[in-house]
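Peer 1: Sequence:
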Amino acid sequence: MRIRVFVGLLTAVSAALAEEKPRGSQPSMEIVHFWNNECATCHGQKGEGIEEAKAPALAGLPDYYILDQIAEFRRGLRKGADDTGSGFVAEMHREAVELDDALFKQLAVHIAALPVQRPKRTVSGDPEAGRQPYQELCGGCHGSAAQGDPVKRTPPLHAFQDWYLVEQIRRFRSGLRRPDPAHAESLQMHAMALRFPSLDEARDLALHINAFLPGQPDAEP
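Following this note's numbering, the numbering of the sequence shown begins with 8 at its first residue and continues without gaps.
What the hints contain is simulated information worked out from the structure, not anything from laboratory work.
Incorrect hints may have been included.
No more than 27 Å apart at the CA atoms, straight line, and that leaves these computed lysine-lysine pairs for DSS-like [stated by the list, open to error]:
id, residue 1, residue 2
1, Lys-53, Lys-127
2, Lys-61, Lys-127
3, Lys-159, Lys-112
4, Lys-112, Lys-61
Estimated spans, in silico, between C-beta atoms of each pair [claimed, not checked]:
id, residue 1, residue 2, range
5, Tyr-71, Gln-142, 21 to 29 Å
6, His-40, Ser-151, 17 to 25 Å
7, Ala-119, Ala-97, 36 to 44 Å
8, Arg-101, Arg-202, 27 to 35 Å
9, Ala-189, Ala-109, 17 to 25 Å
10, Gln-52, Gln-195, 29 to 37 Å
11, Arg-82, Lys-159, 35 to 43 Å
12, His-197, Gln-33, 22 to 30 Å
13, Glu-102, Ala-136, 33 to 41 Å
Each residue gets a CB set at the ideal place from its N, CA and C atoms; glycine is no exception.
Could you build the full structure based on these sequences and the hints that come with them?
Peer 2: Structure representation (structure tokens):
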């Protein structure tokens, strides 16, 4: 009798746990197919980013940031001249314009659930020299450990590749990446980028940001 009662309780608890499991935790086949065929080609199967394609790491980026960037590509704020020769900016603009909101919302959730990948070191510089610029120019919006701020809708920075961080500073400085007038933080990014006297300081900053991620960074190239 006690065995039956125990089995009955165990069955009831298992059923309750199954009901409490968040729905939609697994991406739909449509999202998996879209990721594999449209996104992974440039951004990598794990969302680690591919430098040759000039495509940033996406894994673990919050869904609000992904949706904000899609909106900026749609509105042409990130459609500025692509002087990298990769065609990445034009392709992202096309994808953002053609695809519907419902799919992008699901895709953003899928990207946020991907495990963050430690970026490989590709630039030379001094991470320690980037400490003060980060504290003075970046920490107020992106957090003391580059973790991002959902209230300000700023992304975590530490999982972006060093070359990508340097490239975005360059693009903000030159006007190739235009700030979003609707977001004060985007306008501030443009102003902050102008305060870097050269890309050498931007490289130091990028290496300091990547050092926030746990694990041993690669040796200097």
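Peer 1: For which of the previously enumerated hints does the structure constitute a violation, in increasing order of number?
Peer 2: 6, 7, 11 and 12
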